[in-house]
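Below are the chains, spelled out letter by letter.
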Amino acid sequence: MKNKILPFSVIIIFGIIFLIFYKGLEESKIYTPDVNTKKEIPAFNTKEFFSGENVKSSSIFELDKVYLLNIWSSWCVPCRQEHPLLMNLNLENKLNIIGMNYKDNLKNAENFLKELGNPYKEIFIDLDGTIAIEWGAYGVPESFLIYNNEIIKKYIGPLNQELLDEINLLIK
Amino acid sequence: MKFLKFFLIVMILFPISSVNAEENDKRNKITKNLRCLICQGQSVYDSDSEFANSLKIVVDKKLQEGLSEDQIYEYFKTKYGEWILYDPGLNKNTYILWLLPILIFLIGGAIIYKTFIVKK
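Listed in order, the protein sequences are those of chains A and B.
If you read the first sequence in this note's numbering, its first letter stands for residue 1, the second for the next number, and so on.
If you read the second sequence in this note's numbering, its first letter stands for residue 1, the second for the next number, and so on.
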């Protein structure tokens, strides 16, 4: 009897280990961050894009208003793609679009806006990328839907019409 | 006189450089344990991506603010989740990872004990 327990338990243990690894094969190895968690927006101090004056996050984001924070840069190619969509979204006037200019040359950024238009109600600058880290961002472009100083949803990568429809549904 | 001057310069410079070196070591240790999330398979220390470079600046800032290593890990965990750490803590998602090697070790030990030592 004793002799039978040992091989039996070894088989069971290896079976369990095999199952764990087998299940692991099916799981995606590409990390997808959680985009739905409600988080408070971080507090930060920075400079306004056009005037260069100091601004506080509390003066940009007011309670009871819906904001879309868009991280953009003139050197970022996908930002060019999504820019016309942001222009359209601004015309609809349902939410306030705030821009965070990420690690950019200010002259290039100004030319970018002159060429493609300015959909942003306000723009602040993040010269070294540390404010983007405070927001939990990965890079450019990235957008955050904000209501009552809380991040409702985060969109990594360029926005498209489908995502804009989703945003419109969320803010209804 | 020259010797005195040299001595004074060394005295002034030495403690500063040793403090810097200590801080550098700490920063390297922390950034080696942080995963570069946009270049998977590389640590923040190894990567030269925009994301990793900004993260290094934030680690420097937090160290200057006087935060401890664990506090810095905690800060990044709240921003990006457990995945950003290469050395995850023991919790409900990682307990298999932590306990499986111990379990295998104990079972292996028991098998060896039974087959070789008890039989003798």
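Read the hints as simulated data drawn from the structure, not as lab findings.
Where a beta carbon is used, it is the ideal one built from N, C-alpha and C, also for glycine.
Take these hints with a grain of salt, some might be off.
In the DSS-like style, the derived pairs of lysine-lysine whose C-alpha atoms are separated by at most 25 angstroms in a straight line are [said to hold, decoys possible]: (1) B:Lys-79 <-> A:Lys-56; (2) B:Lys-79 <-> B:Lys-26; (3) B:Lys-26 <-> A:Lys-39; (4) A:Lys-65 <-> B:Lys-79; (5) B:Lys-5 <-> B:Lys-61; (6) A:Lys-39 <-> B:Lys-62.
Coverage of chain A stretches by chain B, computed from C-beta distances (three or more under 8 angstroms per stretch; other residues unrestricted) [to be verified]: (7) 77 to 86; (8) 142 to 156.
Unsatisfied constraints (hint numbers, rising): The structure conflicts with hints 3, 5, 7 and 8, although it agrees with all the remaining ones.
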